[in-house]
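Order-wise, the sequence lines are chains A and B.
Heads up, the first sequence is in this note's numbering, so the first residue is 1 and it goes up one at a time.
Heads up, the second sequence is in this note's numbering, so the first residue is 1 and it goes up one at a time.
Don't read these hints as lab results, they were simulated from the structure.
Since this is a predicted model, take the numbers as computed values, not measurements.
Treat the hints with care, since some could be wrong.
Stated by the list, open to error - Here are some of the chain B residues that sit facing chain A, going by a computed Cβ distance under 8 Å:
#1 Pro79
#2 Leu80
#3 Ala157
#4 His161
#5 Asn222
#6 Pro308
#7 Val323
#8 Ile431
#9 Val433
#10 Thr435
#11 Asp436
#12 Leu441
All residues carry an ideal CB built from backbone N, CA and C; glycine is no exception.
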Amino acid sequence: MAMALKLLKQLRGPSTTTSTILYRNLRPRFSNLRSAIRLFSDAPLSEPLTTPPHQNPHSPSPSSLNQYELAKFAAIAETWWDSEGPFKPLHQLNPTRLAFIRSTLCRHFGRDPLSPRPFEGLKFVDVGCGGGIVSEPLARLGATVMGVDAVEKNIKIARLHADLDPLTSTIEYRCTTAEKLVEEQKNFDAVFALEVIEHVADPAEFCKSLAALTVPGGATVISTINRSMRAYATAIVAAEYLLHWLPKGTHQWSSFLTPEELALILERASISVQEMAGFVYNPLTGRWSLSDDVNVNFIAYATKIKTANL
Amino acid sequence: MNSLIIRRKLAEHISRLKFPQRTLCTDAAPKVSSSHSVQSSNDHVGQQSFRNEVHPYDIAIVGGGMVGMALACSLARMPLTKHLKVAIIDSNPALSKRLCIKKEDPPDPRVSTVTPATISLFKDIGAWKYVEQHRHAYFDQMQVWDYTGLGYTKYNARDVHKDTLGCVVENKVLHSSLLSCIQDTDFQKTIYTSRLSSMTLQPRNLSMGVDSTSSGLNERGNLAKLHLSDGNSLYAKLVVGADGSKSRVRELAGFKTTGWNYSQNAIICTVEHSVENRCAWQRFLPAGPIALLPIGDNFSNIVWTMNPKEATDRKSLAEDDFVKDVNYALDYGFGPHPKSSTLGSGGIFSWFKTDVNLSPDECFKVPPKVVKLASERMVFPLSLMHVNDYASKHVVLIGDAAHTVHPLAGQGVNLGFGDAFALSRIISEGIAVGTDIAEVLLLKKYEAERKSANVTMMAILDGFQKAYSVDFGPLNILRAAAFNGARYIPPLKRSIISYASGDQRFPIFS
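Just chain A, with the same shape it has in the complex:
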């Protein structure tokens, strides 16, 4: 972690330099096909604010998802909560992600780390909530949670599942996108986008939306996959093709962001990364743990600069 931070500090220095090159290879590929199986998230389709007029603004599901893909996704959506199903890796990763969130946000909000509900009274939004596998734990930890997802089926599943437990039935699920929430001028103490940004069309715009949703002094937490050779080997070759953990085509390597790129994008959106950690999988125990190694999966905790008025 120390190393990652050092790196980030070095990077933050010249952050004023234009970084358009970074996105060179991110943008063009994001054609219709790719956005398809938004597995791990709902891909809050950042059809940014320039939504084409022919799109019905009231329709919750954006038109860029074709019907065939929607049906395909809906079939998997039902297995969101099957811990042995297609989302198994995400279920396994979940406690580790939440351990990072708990420790960083307890510090950020000055909460008692020994409290069973440390986030009591805080307003969180989980962008790209999918079936709600992050929203529910956050609600159990006391937060008032809104979960948003662009795929209506995900929201249905999330709602049904959350209603099974009185502790999670307070979650407000909405089929919408981060951009629309910005239009509604919503804001939150903390904004989460976990395993989402690698599925969006325009990460920079997406981060701007996340920033706009975060109150000044609030926190933003983003996790994603690094664009490294090892990530290619593990997340795509191993997870999709060899182990069949994930359906083939879940991820496209070129749309991944490196930690440095993510930090730069966030910086431009007035969010500064405070801490970063990697997730490392131990194939023997089947567990994930936090580490300094941000080479494959990583998570970043950032704060919105207080003075910035957005």
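Got chain A; can you put chain B on it based on the hints?
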């Protein structure tokens, strides 16, 4: 650095009691009528069971024995779990009273040898101080030998730089210490003095409900319903089976087991010596081991394994004759004493001698004579059983419900305590990250952790049992060699001791 702490006291405390109104109808009548049988502490009295319908329990512990109470106690002591609502179901009425154990009473024959690892767990939760107020006996030496006279070995706490090898405590003392410890806290527990008669585990099948209205699905979808023999029923997120080797929870949840009977019984009783006993003794006889464990004052406990017929005979034997049998079995019965003066049989291990300083304590000794029987004799059949899975959705097994072992080294209850403390720790870790405590992935973590520990110990004990159940010349010599090996190879000996005292891994392999 984050000086600005954002605190939004949100007025929208949307009533979290959406749940309640649903399902009160079914069993309400019998419940109210029998609600007097709900024994409770910490102000949960009387009408309670009606309210349980409204607020389901987080955890229902079926079986309030030593292991079940250790779990409750440990949950009550940890910051992240002490708020949990726990129900304890046990037909033993003593649970809801404060037990009072008189020191003058003769020791109960049901005793446990608790290992240093268990002792430190008890200290962590604050229960050990109550054990120390009652009769208990630490021992720092253990002598193991067999009837062939070919070998013996002596373990000393000093060899592993510990003060004791363990402590023998009556089960009722362990149990009441845990009860006292839990009564010190303001833990929300409710005790049902009843038995579990059936259990409904609703599977949550989400795919069914996606397009239908949510009404059918939401009803108690993630709760287990427990029906008790007195007509009460309750809901809980997680059911813990701590109900012993004949676990009803295990049966109702359909867990499969593997195991076998040893076709051996154990006679258990308390005996008195004329002097105080400070050592644990175990001698392997043709039909099985006899163990003499100190339990404080001049008392010792006997666990004597033999075939079922002998057990029945010895149980009905006149007291004097039984005492004679015991003394015979612990001394010259079935074979000679091992030679201690010549330090080992033959020379096969003699080359290790240079490294080893044998203290006078290392010499073979004869256990103190038994002068009197101090309790009734109880007979228990021995078996080995291990459940294939420890956990499924909503249900988890701990202690004897998950595994019963040969009582050889007094490990059974230690494995159970190990389970209880591991489960409470894993529940706490789950709560820390907002996990549903009934989540299979979480419970499987407990299973993975305890299964390896329990299976290793079971295999060792079973191996011992097998090695001693055959009286065959070459095998006897091998056994003796193993004994002498254990005696003369300090690392091996340390390994055996530290494993027997409850250190997690088998150190030889680590």
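Results for each hint:
1. Pro79: For Pro79/B, the interface hint holds, since the closest Cβ of chain A sits about 4 Å away, which is under 8 Å.
2. Leu80: With a closest approach of 5 Å, the Leu80/B hint holds.
3. Ala157: Because about 34 Å separates Ala157/B from the closest Cβ in chain A, which is outside the 8 Å limit, the hint is violated.
4. His161: violated (31 Å)
5. Asn222: holds (4 Å)
6. Pro308: violated (43 Å)
7. Val323: Violated: closest Cβ of chain A sits about 53 Å from Val323/B, beyond 8 Å.
8. Ile431: Nearest chain A Cβ about 6 Å off; hint holds.
9. Val433: holds (4 Å)
10. Thr435: This hint holds: Thr435/B lies near chain A, its Cβ roughly 6 Å from the closest one there, short of 8 Å.
11. Asp436: With a closest approach of 7 Å, the Asp436/B hint holds.
12. Leu441: With Cβ-Cβ at 5 Å, under 8 Å, it holds.
The structure is inconsistent with the numbered hints 3, 4, 6, 7, although it conforms to all the rest.
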